[in-house]
Amino acid sequence: MAASSAERENFIYVAKLAEQAERYDEMVDAMNKVAKLDVELTVEERNLLSVGYKNVVGSRRASWRILSSIQQKEESRGNEVHVKQIKEYRQKVETELSNICNDIMTVIDEHLIPSSSAGESTVFYYKMKGDYYRYLAEFKSGNDKKEAADQSLKAYQSASTAAEDLSPTHPIRLGLALNFSVFYYEIMNSSERACHLAKQAFDEAISELDSLSEESYKDSTLIMQLLRDNLTLWTSDNPEDGENEKMEITKSGAEDAEAMMNVVPSIWLLEVCSKDAMIVLASVLLVPGKVVMNHILERQYFCSHGMLVLLCSIKL
Numbered sequence: 001m002a003a004s005s006a007e008r009e010n011f012i013y014v015a016k017l018a019e020q021a022e023r024y025d026e027m028v029d030a031m032n033k034v035a036k037l038d039v040e041l042t043v044e045e046r047n048l049l050s051v052g053y054k055n056v057v058g059s060r061r062a063s064w065r066i067l068s069s070i071q072q073k074e075e076s077r078g079n080e081v082h083v084k085q086i087k088e089y090r091q092k093v094e095t096e097l098s099n100i101c102n103d104i105m106t107v108i109d110e111h112l113i114p115s116s117s118a119g120e121s122t123v124f125y126y127k128m129k130g131d132y133y134r135y136l137a138e139f140k141s142g143n144d145k146k147e148a149a150d151q152s153l154k155a156y157q158s159a160s161t162a163a164e165d166l167s168p169t170h171p172i173r174l175g176l177a178l179n180f181s182v183f184y185y186e187i188m189n190s191s192e193r194a195c196h197l198a199k200q201a202f203d204e205a206i207s208e209l210d211s212l213s214e215e216s217y218k219d220s221t222l223i224m225q226l227l228r229d230n231l232t233l234w235t236s237d238n239p240e241d242g243e244n245e246k247m248e249i250t251k252s253g254a255e256d257a258e259a260m261m262n263v264v265p266s267i268w269l270l271e272v273c274s275k276d277a278m279i280v281l282a283s284v285l286l287v288p289g290k291v292v293m294n295h296i297l298e299r300q301y302f303c304s305h306g307m308l309v310l311l312c313s314i315k316l
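With the first letter of the sequence shown counted as 1, position 5 gets the number 5 in UniProt numbering; the numbers rise by one all the way through.
There may be inaccurate statements among the hints.
[As the list claims (entries may be wrong)] Cross-link-like lysine-lysine pairs, in silico, DSS-like; alpha carbons within 27 Å at most:
1) K218 x K199
2) K33 x K73
3) K84 x K146
4) K73 x K145
5) K87 x K154
6) K73 x K92
7) K154 x K140
8) K92 x K140
9) K33 x K16
10) K36 x K16
11) K218 x K16
12) K87 x K73
13) K73 x K140
14) K87 x K145
15) K92 x K145
16) K36 x K87
17) K36 x K154
18) K145 x K84
19) K199 x K154
[Claimed, not checked] If you anchor each label on the Cβ, the simulated ranges turn out as follows:
20) K146 x T95: 35 to 41 Å
21) H196 x E88: 40 to 46 Å
22) D203 x K16: 37 to 43 Å
23) S141 x S190: 16 to 22 Å
24) H82 x A62: 19 to 25 Å
25) T161 x G78: 47 to 53 Å
26) S190 x L17: 39 to 45 Å
27) E147 x Q91: 14 to 20 Å
28) S207 x T161: 18 to 24 Å
29) K36 x Q91: 27 to 33 Å
30) D203 x Q85: 48 to 54 Å
By construction, these hints were calculated from the structure, which means they are not laboratory data. Just so we're clear, the structure is a prediction, and the values are computed from it rather than from any experiment. Every residue, glycine too, gets a C-beta built ideally from N, C-alpha and C.
Let's have the full structure, built from the sequences with the hints guiding it.
So, in structure tokens, the structure goes:
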């Protein structure tokens, strides 16, 4: 047991070094070794695993999107030679993506879930499964796409069932709702279901803001902000304009939010509020009878005598 403990500490240290050096493949390798010790991971270890895989898969997802965009341009130009080259290159990226996603899902099924006892961990791992099956569904086609989407849905549903024991303001529960709603919008093409899920999660969290812990309020309110951002994008008159702005969650905060386009800070607001009213700036009345959500570009929190000073920049 002592040897395993020493091994574990060594793997964790290597993973942290790899993260600092931005060598995410090695970070993933180190954390997989920890997972295969068949011990329940701590919150820190769980997050190291998540961050490692998110960066490894994130770079490939970005590459795939770039190649797909270039391919469309070449097809419009009728350049069949280049299209053939791009397809072959994209296939290489897709193979890498498949291997990464299948790798983490095997680790989750064979080691992490069986070793998990806490409800929070169970939600976290099933959410991860849903995320990585969703990533497969992004580029698969035909029956393979349907299978990936079905597996993603099952994983998200399992996570949602387990999440019922968590507070509506818990960052993991909110993060699950955020990613599950993105699944409905992007993979299932169901904006109605996506909006319902996101709004329900947001409203439930708002109703229990008084139970928000000091440790998680920043993570929780950030995720709530992203839920509202997505709701605004999905319910806008031109939802396609926001196609590249959808947000999703990893760990306990927004890590891979897509770049927001044409965002210009136009108004600075300074507000003092209690913890129970942290979302006071979540929506701004711009047009009579219409509440519009604005992206928060900068947020700084200053606590004094139990009060919160929220400084934010928004766009109109």
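Exercise. Do the Cβ positions of D203 and Q85 conform to the proposed distance bound of 48 to 54 Å?
Worked result: Distance hint for D203, Q85 holds at roughly 50 Å.
Exercise. Has the given pair, K33 with K16, been kept, meaning a C-alpha gap of at most 27 Å?
Worked result: holds (14 Å)
For this session: Sort out whether K140 lies within 27 Å of K92, counting only the CA atoms.
Result: holds (13 Å)
Exercise. Holds or violated: are the alpha carbons of K154 and K140 at most 27 Å from each other?
Worked result: holds (18 Å)
Problem set entry | Distance restraint evaluation - D203, K16, Cβ atoms, bounds 37 to 43 Å | holds (38 Å)
Exercise. Is the straight-line distance between the alpha-carbon of K218 and that of K16 27 Å or less?
Worked result: Answer holds: K218 to K16 is near 23 Å, not above 27 Å.
Problem set entry | Given hint K73 paired with K33 - CA-CA distance at most 27 Å | violated (43 Å)
Exercise. Does the Cβ distance between S207 and T161 fall inside 18 to 24 Å?
Worked result: 21 Å Cβ-Cβ, so the 18 to 24 Å window holds.
Exercise. Is it true that the C-beta distance of S190 to L17 lies inside 39 to 45 Å, as the hint says?
Worked result: Distance hint for S190, L17 holds at roughly 43 Å.
Problem set entry | 47 to 53 Å as the expected CB spacing between G78 and T161, which holds or is violated | Holds, at about 51 Å.
For this session: With a cut-off of 27 Å on the C-alpha distance, tell me whether K36 and K154 pass.
Result: holds (24 Å)
Problem set entry | Restraint check for K199 with K154, where alpha carbons must lie at most 27 Å apart | At roughly 21 Å apart (the allowed maximum being 27 Å), K154 and K199 satisfy the hint.
Figure legend: structure checked against the earlier numbered hints; hints not met, in rising order: 2, 5, 16, 20.
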